[in-house]
Amino acid sequence: MLKKIALAAGLFSATALASNAVQADVKVGLLGGISGPIAAMAPPMLDSAKLAIQQVNEQGGILGGQKLEAVVGDSACNPQNGVDSATKLVNIEQVAGLIGPHCSGSVLAVANSVTVPAGITLITPSGTSPEITGLEDKGQVFRTVPSDDFQGRSLARTLLNLGTKKVAVAYLNNDYGSGLANAFKVEFEANGGEIAGYSAHEEGKASYRSNLAELSRGGADTLVIFDYGDGTGLTILRQALENGFFTNFVGGDGMKSDAIIRELGAENLTTFIASSPVGEKSNSLELFNEAYKSVGGNPDAIFVSNSYDAAFLMALALEKAGGEAAKVSEAMAAVSNGQGEAVLPGEWKKAVELIAAGKDIDYKGASGDLNFDNAGDVPGSYGLFKVEGDAFALQQALN
Amino acid sequence: MELIGLLNYAVFMAIFIGIYSLLALGLNIQWGFSGLFNAGIAGFFAVGAYSSALLTAPESAVHLGGYQLPVVVGWIGAMIAAGAIAWPIGKVCLRFRSDYLAIATIGVAEIIRLVVKSEGWMTGGARGVNKIPRPFGDLSYLYSQLAYLALVFAIVLVVYWAIERQISAPWGRMMRGIRDNEDAATAMGKDIKARRLEAFIFGAAVMGLGGALFAHFNRSITPEAIDPMIATFLIWIMLILGGSGNNRGALLGVAVVWIIWSASEFVTDQLPTEYAIKAKYMRVFIIGLLLQLVLRFRPEGILPEPQGTAGSPEVKTFQKQESAAK
Numbered sequence: 001m002l003k004k005i006a007l008a009a010g011l012f013s014a015t016a017l018a019s020n021a022v023q024a025d026v027k028v029g030l031l032g033g034i035s036g037p038i039a040a041m042a043p044p045m046l047d048s049a050k051l052a053i054q055q056v057n058e059q060g061g062i063l064g065g066q067k068l069e070a071v072v073g074d075s076a077c078n079p080q081n082g083v084d085s086a087t088k089l090v091n092i093e094q095v096a097g098l099i100g101p102h103c104s105g106s107v108l109a110v111a112n113s114v115t116v117p118a119g120i121t122l123i124t125p126s127g128t129s130p131e132i133t134g135l136e137d138k139g140q141v142f143r144t145v146p147s148d149d150f151q152g153r154s155l156a157r158t159l160l161n162l163g164t165k166k167v168a169v170a171y172l173n174n175d176y177g178s179g180l181a182n183a184f185k186v187e188f189e190a191n192g193g194e195i196a197g198y199s200a201h202e203e204g205k206a207s208y209r210s211n212l213a214e215l216s217r218g219g220a221d222t223l224v225i226f227d228y229g230d231g232t233g234l235t236i237l238r239q240a241l242e243n244g245f246f247t248n249f250v251g252g253d254g255m256k257s258d259a260i261i262r263e264l265g266a267e268n269l270t271t272f273i274a275s276s277p278v279g280e281k282s283n284s285l286e287l288f289n290e291a292y293k294s295v296g297g298n299p300d301a302i303f304v305s306n307s308y309d310a311a312f313l314m315a316l317a318l319e320k321a322g323g324e325a326a327k328v329s330e331a332m333a334a335v336s337n338g339q340g341e342a343v344l345p346g347e348w349k350k351a352v353e354l355i356a357a358g359k360d361i362d363y364k365g366a367s368g369d370l371n372f373d374n375a376g377d378v379p380g381s382y383g384l385f386k387v388e389g390d391a392f393a394l395q396q397a398l399n
Numbered sequence: 001m002e003l004i005g006l007l008n009y010a011v012f013m014a015i016f017i018g019i020y021s022l023l024a025l026g027l028n029i030q031w032g033f034s035g036l037f038n039a040g041i042a043g044f045f046a047v048g049a050y051s052s053a054l055l056t057a058p059e060s061a062v063h064l065g066g067y068q069l070p071v072v073v074g075w076i077g078a079m080i081a082a083g084a085i086a087w088p089i090g091k092v093c094l095r096f097r098s099d100y101l102a103i104a105t106i107g108v109a110e111i112i113r114l115v116v117k118s119e120g121w122m123t124g125g126a127r128g129v130n131k132i133p134r135p136f137g138d139l140s141y142l143y144s145q146l147a148y149l150a151l152v153f154a155i156v157l158v159v160y161w162a163i164e165r166q167i168s169a170p171w172g173r174m175m176r177g178i179r180d181n182e183d184a185a186t187a188m189g190k191d192i193k194a195r196r197l198e199a200f201i202f203g204a205a206v207m208g209l210g211g212a213l214f215a216h217f218n219r220s221i222t223p224e225a226i227d228p229m230i231a232t233f234l235i236w237i238m239l240i241l242g243g244s245g246n247n248r249g250a251l252l253g254v255a256v257v258w259i260i261w262s263a264s265e266f267v268t269d270q271l272p273t274e275y276a277i278k279a280k281y282m283r284v285f286i287i288g289l290l291l292q293l294v295l296r297f298r299p300e301g302i303l304p305e306p307q308g309t310a311g312s313p314e315v316k317t318f319q320k321q322e323s324a325a326k
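Protein chains in written order, with UniProt numbering: chain R, 1 to 399; chain S, 1 to 326.
No lab work stands behind these hints, which were simulated from the structure alone. A hint or two may mislead.
[What the hints assert, rightly or not] Ranges of calculated distance between the beta carbons of each label pair, as one might list FRET restraints:
id, chain 1, residue 1, chain 2, residue 2, range
1, R, Gly139, S, Val115, 33 to 41 angstroms
2, S, Glu305, R, Gln54, 51 to 59 angstroms
3, R, Gln339, S, Met229, 44 to 52 angstroms
4, S, Ile286, R, Gly340, 29 to 37 angstroms
5, S, Met229, R, Gln66, 48 to 56 angstroms
6, S, Met188, R, Pro43, 53 to 61 angstroms
7, R, Glu324, S, Trp171, 53 to 61 angstroms
8, S, Trp161, R, Asn191, 58 to 66 angstroms
[Stated by the list, open to error] Lysine to any residue pairs mimicking SDA-like chemistry, simulated, CA-CA at most 20 angstroms apart:
id, chain 1, residue 1, chain 2, residue 2
9, S, Lys278, R, Ser35
10, R, Lys165, R, Gly218
11, S, Lys278, R, Glu69
12, S, Lys278, R, Gly296
13, R, Lys27, S, Phe266
14, S, Lys278, S, Gly288
15, R, Lys185, S, Leu271
16, R, Lys138, S, Phe266
17, R, Lys349, R, Ser35
18, R, Lys67, S, Gln270
19, R, Lys205, S, Leu114
20, R, Lys27, S, Thr273
21, R, Lys27, S, Leu6
22, S, Lys278, R, Thr222
23, R, Lys205, S, Phe266
24, R, Lys138, S, Phe136
25, R, Lys50, S, Ile277
26, R, Lys350, R, Pro130
27, R, Lys67, S, Thr273
28, R, Lys166, R, Thr222
29, S, Lys278, R, Ile38
30, R, Lys27, S, Glu198
31, R, Lys138, S, Ser144
32, S, Lys131, R, Gly134
33, R, Lys185, S, Ser60
34, R, Lys185, S, Leu64
35, R, Lys293, S, Phe136
36, R, Lys27, S, Tyr275
37, S, Lys278, R, Pro44
38, R, Lys50, S, Tyr275
39, R, Lys50, S, Leu271
40, R, Lys185, S, Gly120
Positions of the beta carbon are idealized from the N, C-alpha and C atoms, including for glycine.
The following block holds chain S by itself, in its conformation from the complex (with noise of 0.2 angstroms):
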């Protein structure tokens, strides 16, 4: 094994958790700061990517498009469209109680799934959308990917201090208020309905961006990657083991379930070889697993939310302001 080998596979898994952190965290925004149980991301994953794919590639006979505008103008068109496609979705669906939102999520994310599949004039159908231009492609094959994750990892910062600064605000406050007691919120004049809203569209925008990072960096969209479990239970269990409500915990849990989805397959490579294809369904049990020990034992993820109002900014003004008078 050389060096340059274990970077590149270094950088590409860093991508790699750049790109599921942006869905992770999107996720943290509807399910960790208000309560919406969305089990559809893999829908907003497709419309993010899919947008900023026919924004940006060249023309094509098998799909729209041939705008080729420049590729940050796909990743914000992709976050629109996400954000656009989630609204009518909350809309209908956010009526709806936890398991409820859940069922209807998963409808929506395959409604999208097939109309992908279906409306070739728009998407390409199973042939996809090609030729999607990749900042830095030109590169070498270290230096390419070293500059896409600066880029992937300056997006995610972007984003996490975004979603960190709106949840410190009085906004997510009253998220989480509208999240652990819905008629204490409503009896104090709160438009739940409306504020759900903001939160699901706030999040569906992020995975969208999510998605649209990852079709630019693989330069091709297809259905395939559509795939629920890959693309929406995968990032489920990082949220959930990371812990939810905290974006670092989002962040970790990325980190860590990436890391064993992904090198798990060195150690089940270990097995003899007549095990060789039996061993690569124990990356998924292991991911199972993990899933069950963690919500046996710390349902609360690794990182838990932080609990009481010590450290907001209002608490330390306050303590501030009594101490300063006494």
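For reference, chain R alone in the conformation it holds in the complex (with noise of 0.2 angstroms):
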């Protein structure tokens, strides 16, 4: 009995504690998989997403010279602890917006029983799923990463258009790697190609070469690798390159990585290709790169630029909306949309000024232009890249 007593006031304790945390300031939950198995990725984009706000803050702050805080989140990358986080940011924090989380599937969860019943705007950074444009979520679940199928399905338009109309697809099986491969298989044998041969691979292993046995019998030439390139991806390209069993290969964005140059040497890739998203003309991704060195951040970490730009998204559709939460949505949707005035990265005292003069703006990302469609989307840029020195450089656009 004590002890449940004990229990009793410590949670009294803790929800009093949590209550006393400063009222005046706009809050926006930062909910991302800080303990699971994105644990590496995670903290440099929590950081990124901080220096958006501590721009805003800055910079005059939010909804006239409020602070504007982040109540940083665990959704540990799995459904459970990402909807019990988010339901104490949006009731007990009662942020008005949600930047997060991180992985797709608690994405999906936190929108269908959190954010949306409770009609919280939600961005996500890195939820890649092509589910989560489905989702019935009234406008309210945007995303600055394109989907995957973006990717995958110009990826196989463009190797069509190339002349390539037989390959074998290798892709790591998790949800990176099987939405990529799906939304280019899909796309691939639509448009007259030949998948021939598809399998998925775990991660880690000391040999593929069993997989890409099985794979080469189909009798394509060309090996296409949707996988991290500093990972298994690596692995398969060398043991395939070892072995003979394909002369072309084609990776997807994450096996665009200075480790496979670095370790089989640009001499043997004279025939790998890989799609990457492309940095827009505009000076965006600089004027990101150089203030997130400037706090201590390497630019180059994968997903800070997406997790920046979800952060000063919701700024700027807070300040536009007037902290309504139940207008945040729709001023989401419209301070990204390709019309109006441009701001970019940082610019946020200029922003704040065109708002309150009533004028549209545009903001264009460090990660792209960010261009919402109606399902809170963003289409993404992708161009082929091929091995020329020590370095990658652009081959062509995507289409």
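Grab the two chains, each in its own frame, and use the hints to assemble them into the complex.
Right, here's the structure in full:
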């Protein structure tokens, strides 16, 4: 009994502490996979989102000088913790908007059971599952990363245009790999291509020669790899080259990794091309890179620019909506739809003035122009890269 | 903080406690009453969640199904599917003694997770199953949560009642007999293999139902949910802390552990912001520490299994008869 009393007391003091946090600020939730499978990726992503919030506060704050505050939650990259943490952020912390969660499964669960019913807008920097597009979300779910569909489909069309009609596909068995591979396969076959081998592989094995041998049995001389170039993808590419299973190699954006050139040597990679997002012509990315470096971050870390954009867009949308949670989703769609005066990363003061003057603004993000479509998705702009010298060089844009 | 927000959070916690209660009650049948060390709860949770999802979800290009059956059918289907998967597993694995059974069931859960991830034609692979109907999902936030809570609460009550009844019946006493002294039970002519298989299937079916309730609550299920940390080991902690062999202990353990797990985030959030990321790991540490403390100072759990037979109905009747005879 004593234990129960002690526990109840602990709980009450915990909630009391939580309610004592500063009241006047505008709060946004920052929900990331801090513990769990993406624990290494999450901290830089959260740091870049915090950079956006820091810039907002340095340049006069939000909604007439209030301080924007980020409350960090841990989704652990699974729906159970994601929903739990989101419920706390939305109900106890009373956040005005949610940035995250990072993993697709958490995004789906959180949107379905917390944010959409509560009328809170959610923007994820790294949920790439095509299922997020089809959510019945009343327009309240956005993302700053293209769906896996975009890249897979455009890569399929480009390969066909280049005259490659028959390929084998090897993909990593997670949502990234299978999402890309599936979109690629559907589009490739729909446009008359032939998939001569299609198989998933698990991470971290020493040898993939049996997988490769089976894939090459279909008779294709081109292997498409959807994997990470500093992980399993490197092993697969190396073993395929060593044993001569295939002659041409195509990778997704995960394969455009310097580790591949370093480990395998540029002279062995003349038949290797990889698709990857192309930086926009604007200097948004450089602005972000500089700002992020100045706070000690590494701008090349994965998804950090997407995460920064998500946080900055959330701040813009809150400002435009006048802080009303119900209007944030509408405002979010309006601040980045390709119309209005351009706002670049870090230009918070300018954006506030434009919004106050009643003008339309168009945020040009560090990770791309980010013009939202009706489903809250952003189109990706991708290019095909080949190895030239000791680096990747753009060969052509994907269509 | 608004009162309605607090209420929403409390209702949400109660729903999760209900869902986890089913998993803990299922484990209690297997471990608490029958001594079967099942470390593959996540696997049966997944089978239940996916079966119910596929039976009730609308048609989709990425996975099997499109049957759109009523939710109740999905839930019954989840129990049948989880039980049906448990049958061959039990047939093979239950011959192992406790530690080996634990290793085998971890393996089985991992196999189920990989099948779910790899057999995309059936489960949607990494994309999972979406647009699963949620009962009362069209109501407003608070009311839909309250309605779902009522549903979960009713189901837990029925399952609790069924297990209590089964455990105080001769079957339950026999199971405890087998658990405590296998040789004696064999000598008395009990078919140990068959009885253990029954307990294993019964427990797995209850776990499957828990999985189904989880999938419908979130309207989606993805392989990320089959995380052994959150779907196996957390439940073990709940059961051991609450008191295995006692259903009320299991329920109490679930409530205590989930409330600590969830609410400890508020406490760790009070740390300075530069520790914000490290602080999240404190929660995992707290749970581990709690388990260590309980195992050290109160290994039987908060509410231990009632000892002796003084409370059982036969003894009472027997005592009555005796006193009447006097």
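Checked hints:
For the hinted restraint 33 to 41 angstroms between Gly139/R and Val115/S, the CB-CB distance of approximately 36 angstroms keeps it satisfied. A beta carbon spacing of about 55 angstroms between Glu305/S and Gln54/R agrees with the range 51 to 59 angstroms that was offered as a hint. For Gln339/R and Met229/S, the Cβ-Cβ distance of about 46 angstroms falls inside the hinted range of 44 to 52 angstroms, so the restraint holds. For the pair Ile286/S and Gly340/R, the supplied restraint of 29 to 37 angstroms is violated, since their beta-carbon distance comes to about 49 angstroms.
For Met229/S paired with Gln66/R, a C-beta distance near 38 angstroms fails the hint of 48 to 56 angstroms. Roughly 60 angstroms separates the CB atoms of Met188/S and Pro43/R, a value that falls within the hinted 53 to 61 angstroms. For Glu324/R and Trp171/S, the Cβ-Cβ distance of about 60 angstroms falls inside the hinted range of 53 to 61 angstroms, so the restraint holds. Checked against the hint of 58 to 66 angstroms, the pair Trp161/S and Asn191/R passes, with Cβ atoms roughly 59 angstroms apart.
Distance restraint check for Lys278/S and Ser35/R: the Cα-Cα separation of roughly 9 angstroms lies within the 20 angstroms cut-off, and the hinted pair is therefore satisfied. Using a Cα cut-off of 20 angstroms, the hinted pair Lys165/R and Gly218/R holds, with the two alpha carbons roughly 13 angstroms apart. Restraint check: the Cα-Cα separation between Lys278/S and Glu69/R comes to about 19 angstroms, which is no more than 20 angstroms; the hinted pair holds. The straight-line distance between the Cα atoms of Lys278/S and Gly296/R is roughly 18 angstroms, inside the 20 angstroms bound, and the hint therefore holds.
As the CA atoms of Lys27/R and Phe266/S are separated by approximately 15 angstroms, the hinted pair is consistent with the 20 angstroms bound. Of the supplied pair hints, the one linking Lys278/S and Gly288/S holds, its CA atoms being roughly 16 angstroms apart against a limit of 20 angstroms. For a cut-off of 20 angstroms, the pair hint linking Lys185/R to Leu271/S is broken: about 48 angstroms separates their Cα positions. Restraint check for Lys138/R and Phe266/S: not satisfied, since their Cα atoms lie roughly 30 angstroms apart, outside the 20 angstroms limit.
Restraint check for Lys349/R and Ser35/R: the C-alpha separation of about 35 angstroms exceeds 20 angstroms, so the hint is violated. Distance hint between Lys67/R and Gln270/S is fulfilled; the C-alpha atoms sit about 18 angstroms from each other, no more than 20 angstroms. For the hint pairing Lys205/R with Leu114/S, the CA-to-CA distance comes to about 15 angstroms; that is within 20 angstroms, so the pair holds. At roughly 14 angstroms between alpha-carbon atoms, Lys27/R and Thr273/S fall within 20 angstroms of each other, so this suggested pair holds.
The hinted pair formed by Lys27/R and Leu6/S meets the criterion: a straight-line CA distance of about 17 angstroms does not exceed 20 angstroms. Between Lys278/S and Thr222/R the alpha-carbon distance is near 45 angstroms, which puts this suggested pair outside the 20 angstroms criterion. In summary, the hint linking Lys205/R to Phe266/S is not supported, as the alpha carbons are separated by about 40 angstroms, beyond the 20 angstroms threshold. For the proposed pair Lys138/R and Phe136/S, the alpha carbon gap of about 18 angstroms is at most 20 angstroms, so the pair holds.
With a C-alpha separation of about 12 angstroms, the suggested pairing of Lys50/R with Ile277/S holds against the 20 angstroms cut-off. Proximity of Lys350/R to Pro130/R is assessed by CA-CA distance (about 35 angstroms); at most 20 angstroms being required, the pair is judged violated. Restraint check: the Cα-Cα separation between Lys67/R and Thr273/S comes to about 15 angstroms, which is no more than 20 angstroms; the hinted pair holds. For a cut-off of 20 angstroms, the pair hint linking Lys166/R to Thr222/R stands: about 7 angstroms separates their Cα positions.
Restraint check for Lys278/S and Ile38/R: the C-alpha separation of about 14 angstroms stays at or below 20 angstroms, so the hint holds. Using a Cα cut-off of 20 angstroms, the hinted pair Lys27/R and Glu198/S is violated, with the two alpha carbons roughly 52 angstroms apart. Taking the CA atoms of Lys138/R and Ser144/S, the gap is near 17 angstroms; set against the 20 angstroms cutoff, the hint holds. For a cut-off of 20 angstroms, the pair hint linking Lys131/S to Gly134/R stands: about 9 angstroms separates their Cα positions.
The hinted pair formed by Lys185/R and Ser60/S meets the criterion: a straight-line CA distance of about 17 angstroms does not exceed 20 angstroms. The suggested pairing of Lys185/R with Leu64/S holds, with an alpha-carbon distance near 18 angstroms, which does not exceed 20 angstroms. The hinted pair formed by Lys293/R and Phe136/S fails the criterion: a straight-line CA distance of about 49 angstroms is larger than 20 angstroms. Only pairs whose Cα atoms come within 20 angstroms are accepted, and Lys27/R paired with Tyr275/S is accepted, the gap being roughly 19 angstroms.
Note on Lys278/S and Pro44/R: the hinted pairing holds, with a Cα-Cα distance of about 13 angstroms set against a maximum of 20 angstroms. Note on Lys50/R and Tyr275/S: the hinted pairing holds, with a Cα-Cα distance of about 14 angstroms set against a maximum of 20 angstroms. At roughly 17 angstroms between alpha-carbon atoms, Lys50/R and Leu271/S fall within 20 angstroms of each other, so this suggested pair holds. A hinted pair counts as satisfied when its Cα atoms are at most 20 angstroms apart, and Lys185/R with Gly120/S qualifies at roughly 13 angstroms.
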